[in-house]
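Engineer: Residue strings, one per chain:
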Amino acid sequence: MASTDGAVSAGVIHDIGYQRYAGPRLGRRHVVTALYLHSLRTAFGLGRSAVAKIFPGIVVGLAFVVAVVLVAVRSRAGGVIPYTYLQFIDGLGIPLIVFLAVIAPELVSRDLRSRVLPLYFSRPLRRSDYALAKLAATISAVWLLLAGPLLLIFLGGAFSRSGGASAVWREFTDFLGGLGYAAITAVVLGAFAVPLASLASRRAIAAVVIVVAFAATAPVIGVIEAVGGTTAQQLGPLVNPATLLTGLETWIYRDDKLAIGPYGPLYLVVAVALVTACVAATVARYRKVTV
Amino acid sequence: MAEGRRTRPDRAGGNGCHPRPEDHRDRGGKAAQRHAARPGEGLRAEPRERIRVITEAAGAAAPYGRRVVPVIQTQSLTMRYPATLALDALTVDVEPGVIGLVGANGAGKSTLIKILLGLLQPTAGSVRVLGLDPARDAEAIRARVGYMPEHNCLPPDMVAAEFVTHMAKMSGLPRAAARERASEALRHVGLYEERYRQIGGYSTGMRQRVALAQALVHDPDLLLLDEPTNGLDPAGRDAMLGLIERIGADFGMSVVVCSHLLGEVERICESLVAIDSGRLLRADRVESMTRRRDVLVVEVDEGVEQLAAHLRERGVAVHRSGRELLVPLDDDDTFDLIVGAVAALGLPLHRLGQRRHGIVELFADGSADRAAEYAEEAGRGID
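Protein chains in written order, with this note's numbering: chain G, -14 to 276; chain E, 841 to 1223.
Extracted from the complex, chain G is given alone in its bound form (with noise of 0.2 angstroms):
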């Protein structure tokens, strides 16, 4: 303590140089909302070292490059071939889970990891706060990783196009089918994925339990479908997030991906019933979890 005994104050006032703050300090809802911002960032690892942005950077490459390859095919097409939107996203299944196992982990694991939830749950943020905005970044994360080559394709289509504005129009709609479709996809996976995540404070683990929990179903629905009847074929992909997705689509936009028959309606209940589970369950884990 020699530096300060004896020392006279206005001396050391004037090294040091504090200010003070007096300028505006802004509500509950900006810091959620920068909270929400910095996480979606962080899910494309914009902002981190180069390492955290491999994993996002491959899904988002592979996504963009399908989209590349069906704006060439369908150009030279003419632009009449049967692929749309929806396959487009139904197409990316796969990475769109692996996608989920690298960006939940990381926003939501890595806090748990390094244990900086105090020093959030110590600021003018409520837990259940925490717990929403990593939620609609991670949700936000999947389907703009969606909308971006959807965009692509719709740029490509419209400019290849034969037949003039009528045929722009509907591109144009099915476009923005494809945007609704892929919200839909995004708020029930990334809905399903944060709570599974928030449960490991590993990234590795927490990324094998998405994993799991996606592809744990999986065999069930082969197993209904191959011994079950016709209604037990038309509820069996209600067991999986993903078949649950495709049942949505087969009926809001009326195609026949899945013979869903009569339950349509089912398919909507299940899948408003799973993510107001999975919200509540995230906030439910975040009053919980000590600090």
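None of these hints come from the bench; they were simulated from the model.
Careful, some of the hints might be misleading.
To be verified - Straight-line Cα separation of at most 25 angstroms, SDA-like style, residue types lysine to any residue; simulated pairs: (1) G:K38 x E:R1015; (2) G:K38 x E:P995; (3) G:K242 x G:I209.
What the hints assert, rightly or not - Covered stretches of chain G (chain E as the covering partner; in silico rule of three or more C-beta atoms under 8 angstroms from a C-beta of chain E): (4) 3 to 12; (5) 15 to 24; (6) 94 to 105.
Said to hold, decoys possible - So, partial list: chain E residues that the calculated Cβ filter (under 8 angstroms) puts toward chain G: (7) A983; (8) A1017; (9) G1092.
Beta carbons are placed, not taken as given, at the ideal position from N, Cα and C, and that holds for glycine.
Fit chain E to the supplied structure of chain G, relying on the hints for placement.
Structural biologist: Quick look at chain E alone, frame taken from chain G:
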């Protein structure tokens, strides 16, 4: 401890709580200077400056006197976990300044801090922080309080400047201000050059500095530091304590420093709250805990017995303690008597001074073992 600081007793204060102008802890003059130097300062700073001045004024007149808005007030605060009673009807008022919260591991320090932040709900009793109730105004309190947890709480794969900026935003600062204050905070804790490095590559001392920087980045009114010297080597410990002392003195914040090492908080704190098993042992200003006892210590290089006999002849009740003689200080003549005796006998006088109460003695009632433990640890410094 600080024997022999003066040759003559200053007994004006009587109760031992008089101001000590030579002491760096006394900040009345400092605060007053600053107050005068920056009269037109922003609204936020103004009341705090005033509070500090009042504290010092009140401190001079009535050391633990009123009229000061306590930063922390608890009333019969009780926290019961399923297995243990962490806080047991704790009632204490904490005034602005640098406050040491001491107690053994498991005494309830961290529990108290978490209740203050509104992170835990107490089982019973009431608590107010900066005049607000954590149960109802937790967010308002947290916007004005900075918290440094006792454990490592930093993401290793983030750059320090980015992290502190993010934490500033989490406290409600706009983006540009957050960036600026983060740089400033890191500079104040002495990490300006290294701030663009990843936290994972930092030493423990640097990490503790980052943790401190994130706690003060939003310019809080109250800092809660939970074991800020945890895991630091003696040099790092000294640097951290110096930093905390400066924050209290120059940044105009109140600081609560939790520690299980009495010796280190004693050095930097103005007042001390000692808890044991969730109960208040004592809360008081440090100088009244270490007040002068009316005993003079005399040390001569030779002729101790000779001097003792000489003094006893003159009716002084001398008590010998090792190489020291303890003489009750009746009035100022006692000094003259001793000096005269030493001169008459031609002895080499080594030391003549007043003895202070060791702060350890605040644990004297029934906690002697623990006090000894503290003293030992404090003396040893670290590991």
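Engineer: Against each hint, give a clear statement of whether it holds in the structure.
Structural biologist: Consistency of the hints with the structure:
1. With a C-alpha separation of about 24 angstroms, the suggested pair K38 (chain G) and R1015 (chain E) falls inside the 25 angstroms cut-off, and the hint holds.
2. The hinted pair formed by K38 (chain G) and P995 (chain E) meets the criterion: a straight-line CA distance of about 17 angstroms does not exceed 25 angstroms.
3. For the hint linking K242 (chain G) to I209 (chain G), the alpha-carbon distance of about 17 angstroms falls within 25 angstroms, and the restraint holds.
4. Counting residues of the region 3 to 12 of chain G whose C-beta sits closer than 8 angstroms to any C-beta of chain E gives 10, which meets the bar of three, so the coverage hint holds.
5. Counting residues of the region 15 to 24 of chain G whose CB falls under 8 angstroms from any CB of chain E gives 5; the rule of at least 3 is met.
6. Counting residues of the region 94 to 105 of chain G whose beta-carbon sits less than 8 angstroms from any beta-carbon of chain E gives 8, enough to reach three: the coverage restraint holds.
7. Checking A983 (chain E) against chain G by beta carbon gives a least distance of about 4 angstroms; that is within 8 angstroms, so the hint holds.
8. Because the beta carbon of A1017 (chain E) sits about 5 angstroms from the nearest beta carbon in chain G, less than 8 angstroms, this interface hint is met.
9. Given the 8 angstroms rule on beta carbons, the hint for G1092 (chain E) holds: about 7 angstroms separates it from the nearest Cβ of chain G.
In terms of the numbered hints stated before, the structure departs from none.
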